[in-house]
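S.K.: Sequence:
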Amino acid sequence: MRWRRGTDLWADLGTGIFVRLAFALTALAIGAYQNRALIVAPWVGAVVAADLLQVALDRFYPEVADRWRLVTVGLFLAVTMVAVQGVGAPVIPLTFVPAVYAGVSLGRKGVLLVGWVSLVTPFAMAELTSHHNLHGIRILILMGAVTLATLIASFWHRQRPDEEQLAAGEARDLLIRLSSLADSLDTGFDVPALGDAALEETAAAVPLERAALLLRHGDDAIPVGLFGHTRVPWPPPTDPGSALTHSWEQGVAVRRVFGDDPNRRYLLTVPVIGTDGGVIGMFAMDREHEPFSPTDQRQVEVIADRVAPLVEVGVLFSRLRGRAALEERTRLARDMHDGVAQDLAALSFSVDILLQQTAKTEPVYSALESLRTAMRESLSDIRHQISTLRMVERPDVSFGSILSAALQGFGQTGLRTTLTLDESPFRLPAHLEIQIQRIALDLLADARTSGATFVDWDIRLAAPNARLVLMHDGATRLSADSFARQPLQEHALIIVDALIPAGLFVDITIGTDPRPHGRRTLSAPEPARSVNSTPVRDHTPAEDPRTGRTHTDVMEGTTQE
Numbered sequence: 001m002r003w004r005r006g007t008d009l010w011a012d013l014g015t016g017i018f019v020r021l022a023f024a025l026t027a028l029a030i031g032a033y034q035n036r037a038l039i040v041a042p043w044v045g046a047v048v049a050a051d052l053l054q055v056a057l058d059r060f061y062p063e064v065a066d067r068w069r070l071v072t073v074g075l076f077l078a079v080t081m082v083a084v085q086g087v088g089a090p091v092i093p094l095t096f097v098p099a100v101y102a103g104v105s106l107g108r109k110g111v112l113l114v115g116w117v118s119l120v121t122p123f124a125m126a127e128l129t130s131h132h133n134l135h136g137i138r139i140l141i142l143m144g145a146v147t148l149a150t151l152i153a154s155f156w157h158r159q160r161p162d163e164e165q166l167a168a169g170e171a172r173d174l175l176i177r178l179s180s181l182a183d184s185l186d187t188g189f190d191v192p193a194l195g196d197a198a199l200e201e202t203a204a205a206v207p208l209e210r211a212a213l214l215l216r217h218g219d220d221a222i223p224v225g226l227f228g229h230t231r232v233p234w235p236p237p238t239d240p241g242s243a244l245t246h247s248w249e250q251g252v253a254v255r256r257v258f259g260d261d262p263n264r265r266y267l268l269t270v271p272v273i274g275t276d277g278g279v280i281g282m283f284a285m286d287r288e289h290e291p292f293s294p295t296d297q298r299q300v301e302v303i304a305d306r307v308a309p310l311v312e313v314g315v316l317f318s319r320l321r322g323r324a325a326l327e328e329r330t331r332l333a334r335d336m337h338d339g340v341a342q343d344l345a346a347l348s349f350s351v352d353i354l355l356q357q358t359a360k361t362e363p364v365y366s367a368l369e370s371l372r373t374a375m376r377e378s379l380s381d382i383r384h385q386i387s388t389l390r391m392v393e394r395p396d397v398s399f400g401s402i403l404s405a406a407l408q409g410f411g412q413t414g415l416r417t418t419l420t421l422d423e424s425p426f427r428l429p430a431h432l433e434i435q436i437q438r439i440a441l442d443l444l445a446d447a448r449t450s451g452a453t454f455v456d457w458d459i460r461l462a463a464p465n466a467r468l469v470l471m472h473d474g475a476t477r478l479s480a481d482s483f484a485r486q487p488l489q490e491h492a493l494i495i496v497d498a499l500i501p502a503g504l505f506v507d508i509t510i511g512t513d514p515r516p517h518g519r520r521t522l523s524a525p526e527p528a529r530s531v532n533s534t535p536v537r538d539h540t541p542a543e544d545p546r547t548g549r550t551h552t553d554v555m556e557g558t559t560q561e
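Be aware that the sequence shown starts at 1, since it is given in the working numbering, and climbs by one per residue.
These are calculated hints, taken from the structure and not from any lab test.
With beta-carbon atoms standing in for the labels, derived distance ranges:
{"hint": "1", "residue 1": "Asp-260", "residue 2": "Gln-385", "range": "48 to 58 angstroms"}
{"hint": "2", "residue 1": "Asp-261", "residue 2": "Arg-298", "range": "23 to 33 angstroms"}
{"hint": "3", "residue 1": "Ala-37", "residue 2": "Phe-155", "range": "30 to 40 angstroms"}
{"hint": "4", "residue 1": "Asp-335", "residue 2": "Leu-52", "range": "49 to 59 angstroms"}
{"hint": "5", "residue 1": "Asp-335", "residue 2": "His-229", "range": "38 to 48 angstroms"}
{"hint": "6", "residue 1": "Leu-178", "residue 2": "Ala-430", "range": "26 to 36 angstroms"}
{"hint": "7", "residue 1": "Gln-385", "residue 2": "Arg-323", "range": "19 to 29 angstroms"}
{"hint": "8", "residue 1": "Val-19", "residue 2": "Glu-249", "range": "52 to 62 angstroms"}
No farther apart than 25 angstroms at their CA atoms in a straight line, the calculated lysine to any residue pairs in the SDA-like style are these:
{"hint": "9", "residue 1": "Lys-360", "residue 2": "Ala-346"}
{"hint": "10", "residue 1": "Lys-109", "residue 2": "Leu-53"}
{"hint": "11", "residue 1": "Lys-109", "residue 2": "Leu-21"}
{"hint": "12", "residue 1": "Lys-109", "residue 2": "Phe-18"}
{"hint": "13", "residue 1": "Lys-109", "residue 2": "Thr-72"}
{"hint": "14", "residue 1": "Lys-360", "residue 2": "Leu-478"}
{"hint": "15", "residue 1": "Lys-109", "residue 2": "Ala-56"}
Beta carbons: idealized from backbone N, C-alpha and C, even for Gly.
Kindly generate the complete structure, drawing on both the sequences and the hints.
M.R.: As C-alpha cells, this is what we get:
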C-alpha cells in the first residue's frame, strides 16, 4: 500500500488503531457485564496507554521505534498474556491489541513473534504459578486466535519509506493540486496577468486615474501591474520620503495628498499582506478631482485580501518555473558538451594529424587547412553556446566568482595561474558578462593548445565600469583580427598585443578603468613584458585599505578565491 502523509487521520495515528481501541473497549464491556469492571479497567487503561505510546514513537521518533520494535511488541504481548492468566476471560480481547499492532508494524515477522510469545508466556505462567486461568488446549486456542489476527493485520503492513521518497510523494501531490488550481483560474498563476486583472477589478470598484500593483522582491519593489500609465508615476517605496513608504514599511492603508498645486493629486495606498503577516506588495492609486473615501479604502482592502494568496502562490510558482528553466539549460549544456562538442574536438584533432602528415605543396593541404579553420570556428560557436547556457546556472553567484571558477578548473591541468580580482557588489548587464566570459574562455582554450606555462588575469569589476587584463605565455594563434568581430567591441575598448618571447596580452576596458580597492591576488607568476617592453600589468601585491597591508598568496596549479 502507498505510504500517505498529511491530514489522513488513519495514517497519522497508525493503521488499525481504531480496531485496537475496539478490542480494548470490548474487554471493558465484558468486564462490566461480569461485574468485574474495576478489575479489568486498569488493564485496559495500561494497554491503551502502551498502544498510544507506540503510535507516538512511530510518529515522532521513528528511528527509536524501529530499533526497539521487536522488544517492545514482545513485552507488550507478554504483559497481556500475563493479564489473561491472572484475570481471566474478560481481558482476552486485550491480547489482540498488540497482535494487530505487530502485524501492521512488523508484517510476517510479527506473526512469528506473536506465535512464540503467545505460546511460551501462558505455558510459563501455568508451570511457574499455582493460579492461572488457561492451560492445555485453551492456551493453544488463544495462541491460534492471536496469531491469526496478526496474520490478517500483516496484509496492511507497509515499509516506512525514506525521507526522499516522502518528499517526492508530497511534491507530486502538491504539484497535481497546483496544476488543478491553475486550470481553475482565468489567469493561472501568471503574476503579471494576476496584477492586471486585480487592477482592472479595482478600477471597476473605485474611480481612479492611475494605479499600480507592486510586489516585494528582496529589498526592491517590483511593479507587476500598471493601470492608466506606462510606468510607476510615484517614487519607489524604498526611497526615503516617498509617498508610498509608510504603507510599504508599516503595512497600513494610507490616504493622503500627493504633490503641490497645480499638480496636486489624491493618493491611496493599500498593503497586500501575505500568509505570514508580512507585507508582500502594495496597491497604489491616485486621482485628481476628489480624495479617496473610507469606503473606497475598504473596497480596495477587500480586493487586496482576495488577491494576496493568489499573488503569493504565483510568485512561488514563478520561482519553480525559473528553477526548472535553469535545470533545463544545465541539461542542454551538458548534452552539448558531452555530445557534438566532443565529436568535433576529436575530428579537429584528426585533421591536425593529417595536416602534419601532408606536405604544404600538395593540393589537399589548403583544403585540409580550410576544413580545420571551419571546424575550429564551429567548435568555438558551440563552446560559446555552452557558456551562454551555463552563464545563468547560478544567477546568485557573482560574475567574478564565475570567472574565478573557470580559471580554477583550468589550473587543475597543472599550469601556473594567477587571478587578481577586485569586484564591487554591482553587476554588469547580462549580455556584457556573457561576451566577456566568451573571450575569457577563448583565451583559456588558446593557452591550452599553445603550450602556455602560465595564465595571468587581472580583473576589476565595478559596474558600469570594468577592466580585464588577460594574458598567457603560449605560442598563441590569436591576433587582433581574432577580436575584430567580437560583439563586445561595441561596448568596450579591446587592446590585443603580443608578449616576448611568446604569449598573448588582451586588455578590455568598459567605461573607465575602476580604481582598485581591496584586491585579492592569487599565485603571481614572473613578470612579463610586451613587444614594446612596457609593463603589461602591475605585479605588486594589492594593499588592503583597512589595514594598510599587502597580501599575495602564491599557489601552484590551482586558482582559488
